[in-house]
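J.: Below, each chain spelled out in residue letters.
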Amino acid sequence: MIHLTIGGLFLLGTAASATEAQQTPAEALQTIKRDWQNSQGTFHKDYEKAKTDKDREKLYEAQARERRSCVRRGLELAREHPEGAAAFEALEWIITGGVGYCPETWQALDLVRRKYVSDPRLGKICWHARIYRLSYAATESLLRTVLEKNSHRNVQGIACLTLARVLQSYSQMGKLLRDSTKAKLYAEHYPPDLIQTLQTREPSKLLKEAETLYERTIQHYGDLKEPDAKHTLGRKAQAALFEMHHLQVGQRAPEIDGEDPDGRRFKLSDYRGKVVVLDFWGHW
Amino acid sequence: MYPHERSLVKRLAGEPFALLGVNSDSDRTVLKSVQEREQITWRSWWDGGSTEGPIATQWNVSAWPTVYVLDAAGVIRHKGLRGEGLDAAVDHLLKELRPRKPFKTIP
Chain A
179 MIHLTIGGLF LLGTAASATE AQQTPAEALQ TIKRDWQNSQ GTFHKDYEKA
229 KTDKDREKLY EAQARERRSC VRRGLELARE HPEGAAAFEA LEWIITGGVG
279 YCPETWQALD LVRRKYVSDP RLGKICWHAR IYRLSYAATE SLLRTVLEKN
329 SHRNVQGIAC LTLARVLQSY SQMGKLLRDS TKAKLYAEHY PPDLIQTLQT
379 REPSKLLKEA ETLYERTIQH YGDLKEPDAK HTLGRKAQAA LFEMHHLQVG
429 QRAPEIDGED PDGRRFKLSD YRGKVVVLDF WGHW
Chain B
6 MYPHERSLVK RLAGEPFALL GVNSDSDRTV LKSVQEREQI TWRSWWDGGS
56 TEGPIATQWN VSAWPTVYVL DAAGVIRHKG LRGEGLDAAV DHLLKELRPR
106 KPFKTIP
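In order, the protein sequences belong to chains A and B. Heads up: the first sequence is residues 179 to 462, going by this note's numbering. Heads up: the second sequence is residues 6 to 112, going by this note's numbering.
So that you can see chain B by itself, here it is in the shape it has in the complex:
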C-alpha cells in the first residue's frame, strides 16, 4: 500500500488533492516512526490507539485498509477502491474540477 500511496501523492503534487489517513496503531510513537521510515508525508489522524477508536467506530470500519474517495464538495464518491481503480477515480474527480472549455458559438 505505501509505495502506491507515495506515488499517488507525488504524481498529484500541486493538484487540488489530499491523501488523509486515519491510523489505528496502538501507540503514537509507533505511528511516528512508521511515517518516518516509510516516507509517509501525508497527514493522519491518530485514532486513540485502537481499532475501536472514535473515528473508525463512527465510520464502522472493520477491515484495514478501508478507503473512501471524496470529491471536492466532501461527498462520498467511491468506497473500497485500490490500485489502478483508485488512481482512475481520483483522476476523474480532478478532471471534474477543471473549468470546461467554453462552447464555440457559431456566428
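Same shape as in the complex, but just chain A:
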C-alpha cells in the first residue's frame, strides 16, 4: 500500500509537468499548487494508515521529494516567465510557506534578491524573511537592499521592522557564539559563513542598530501593518523597544492584570514572595 502511494506521487509529479508546457503561467502555477495539495491529502491519509515507524519515515521522504519537485517546478516557472504576475506569485508561494521549506527555497530567495527588490508586492516576503535569518545567510543583505532601493512605503516599513528583528536576533546569537562549544554546534546546523560573520560582529553594535531601526519604524512607518496582522508596525516596534529596555534579566517584571478563562481577575503581583515561572503558551 505504502509503496504504491509513493509510486503514485511520483507519477503525479511527472504527468503534471508534461502538461504545463501548454498552460499559461498562471494556470501552470495553479496546477503546481493543486498537485501539492493533492499529495498532501494522500500523505495525511496514508500517514493515518501507516503502522510502523519505517512506513512513516518512507512517507515523510516521499513528501519531501514531492515538495522539492513542486518547488523546482515553481522556480522553473518563475525563471521562464519572469515578467508575468505568476512568476512573483510562485516565488511568494515558495518563500511564505505555501509548500513548506526545502533547500531550493534559498534559490527562490536568491531570485527575489536579484530581480524583485523594487517590487511593490514584496511586503509579505520581507515579513517572512525573518524565518530565514539563521538558514539563509543573505537575509540581512536582502532586507537592507529592499530598504534602500524599494520606493514603496509599505514594503520599506516591513523591511525596516524585519531588519531590526533580524539584527536583534543576530546580536543574541553573537553572544551565544562567544562560547566555543556552542559555536561549534551552531556551525554544524547553520550556514558556516553566517556563523563566521556573526562571530566577528560586535553584539552591542548590532543591538544598537536594531534599536535605531525600531525607532525609524515608529517614526516613518508607524501607521502601517504587516500582512494579516492586528497591530500596526509602530505598536510592534514599540513592544520590541519595551522588551529591550524593560524586560531584560535583572529588571522588575511589569504588572500583569487580567482574567482567567472563567473571568476571574488576578494579578502577577499577587504572587510576590513566590518564585514564578511565567509561561506564554497556546494549545495549537
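Fair warning: there could be bad hints in the mix.
Said to hold, decoys possible - The list that follows gives simulated cross-link-like pairs (lysine-lysine, DSS-like), each with its CA atoms no further than 27 angstroms apart:
#, chain 1, residue 1, chain 2, residue 2
1, B, 37, A, 408
2, B, 106, A, 445
3, A, 408, B, 84
4, B, 84, A, 360
5, B, 100, A, 223
6, A, 445, B, 37
7, B, 84, A, 353
8, A, 383, B, 84
9, A, 362, B, 84
10, A, 383, B, 106
11, A, 452, B, 106
12, A, 353, A, 327
13, B, 84, A, 386
14, A, 445, B, 109
15, A, 452, B, 100
16, A, 386, A, 302
17, B, 37, A, 403
18, B, 15, A, 452
The hints are simulated quantities; they were obtained by calculation from the structure and are not laboratory data.
Using the hints, position chain B against chain A.
T.: Structure of chain B alone, referenced to chain A:
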C-alpha cells in the same frame, strides 16, 4: 511541555512557587477543555483569544512557548529556559529564599 510542567508543579507543591500561564488560544472554552484534559492545575490569564492579545503584545512575545523565570521579588532572572535548565533555575531561586544557617561564632 505539559508533562514537564505537571511534574514541576507536583514536585514543588508546598514551596513558595507558582507556575502561571498566559494563554493565546482563540477561545476560552478551548482553553478550559485543554486545562481539564491535560490536568493543568495552574492558573492562566486568557489573553483575549489571539497571539496578538494585550499581555503577549506588551511582553513582545512572538514565539510560543516563551518562558520567563521571576524571583520572589518579581525580578526577571531568566528568559527562555526549558527542561532541566528550568528546573535547576527554579531550585536555585527557592534555595535563595531559605534562611541561611547562622555562622558559628568562635567563643
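J.: A separate judgement is required for each hint: does it hold in the structure or not?
T.: Hint by hint, here is what the structure shows:
1. At roughly 25 angstroms between alpha-carbon atoms, residue 37 of chain B and residue 408 of chain A fall within 27 angstroms of each other, so this suggested pair holds.
2. Restraint check for residue 106 of chain B and residue 445 of chain A: not satisfied, since their Cα atoms lie roughly 34 angstroms apart, outside the 27 angstroms limit.
3. For the given pair, residue 408 of chain A sits about 26 angstroms from residue 84 of chain B by alpha-carbon distance, which is consistent with the 27 angstroms threshold.
4. A C-alpha spacing of about 18 angstroms is found between residue 84 of chain B and residue 360 of chain A, which places the hinted pair at or below 27 angstroms, so the restraint holds.
5. The suggested pairing of residue 100 of chain B with residue 223 of chain A is violated, with an alpha-carbon distance near 52 angstroms, which exceeds 27 angstroms.
6. For the suggested pair residue 445 of chain A and residue 37 of chain B, the alpha carbons sit about 19 angstroms apart, so the restraint of at most 27 angstroms is met.
7. Among the hinted pairs, residue 84 of chain B with residue 353 of chain A is consistent with the structure: their alpha-carbon atoms are about 15 angstroms apart, no more than 27 angstroms.
8. With a CA separation close to 22 angstroms, the supplied pair residue 383 of chain A and residue 84 of chain B stays within the 27 angstroms bound.
9. Simply put, residue 362 of chain A and residue 84 of chain B have alpha-carbon atoms about 23 angstroms apart, close enough for the 27 angstroms limit, and the pair holds.
10. Of the pairs offered as hints, the one joining residue 383 of chain A and residue 106 of chain B is violated, with about 45 angstroms between alpha carbons and a cut-off of 27 angstroms exceeded.
11. Distance hint between residue 452 of chain A and residue 106 of chain B is fulfilled; the C-alpha atoms sit about 21 angstroms from each other, no more than 27 angstroms.
12. For the hint pairing residue 353 of chain A with residue 327 of chain A, the CA-to-CA distance comes to about 31 angstroms; that exceeds 27 angstroms, so the pair is violated.
13. For the hint linking residue 84 of chain B to residue 386 of chain A, the alpha-carbon distance of about 21 angstroms falls within 27 angstroms, and the restraint holds.
14. A threshold of 27 angstroms between alpha carbons decides the hint, and for residue 445 of chain A with residue 109 of chain B the separation of about 42 angstroms lies outside it, so the pair is violated.
15. For the hint linking residue 452 of chain A to residue 100 of chain B, the alpha-carbon distance of about 12 angstroms falls within 27 angstroms, and the restraint holds.
16. A threshold of 27 angstroms between alpha carbons decides the hint, and for residue 386 of chain A with residue 302 of chain A the separation of about 26 angstroms falls inside it, so the pair holds.
17. Distance hint between residue 37 of chain B and residue 403 of chain A is unfulfilled; the C-alpha atoms sit about 32 angstroms from each other, more than 27 angstroms.
18. A C-alpha spacing of about 16 angstroms is found between residue 15 of chain B and residue 452 of chain A, which places the hinted pair at or below 27 angstroms, so the restraint holds.
Of the numbered hints stated above, those contradicted by the structure are hints 2, 5, 10, 12, 14 and 17, listed in ascending order.
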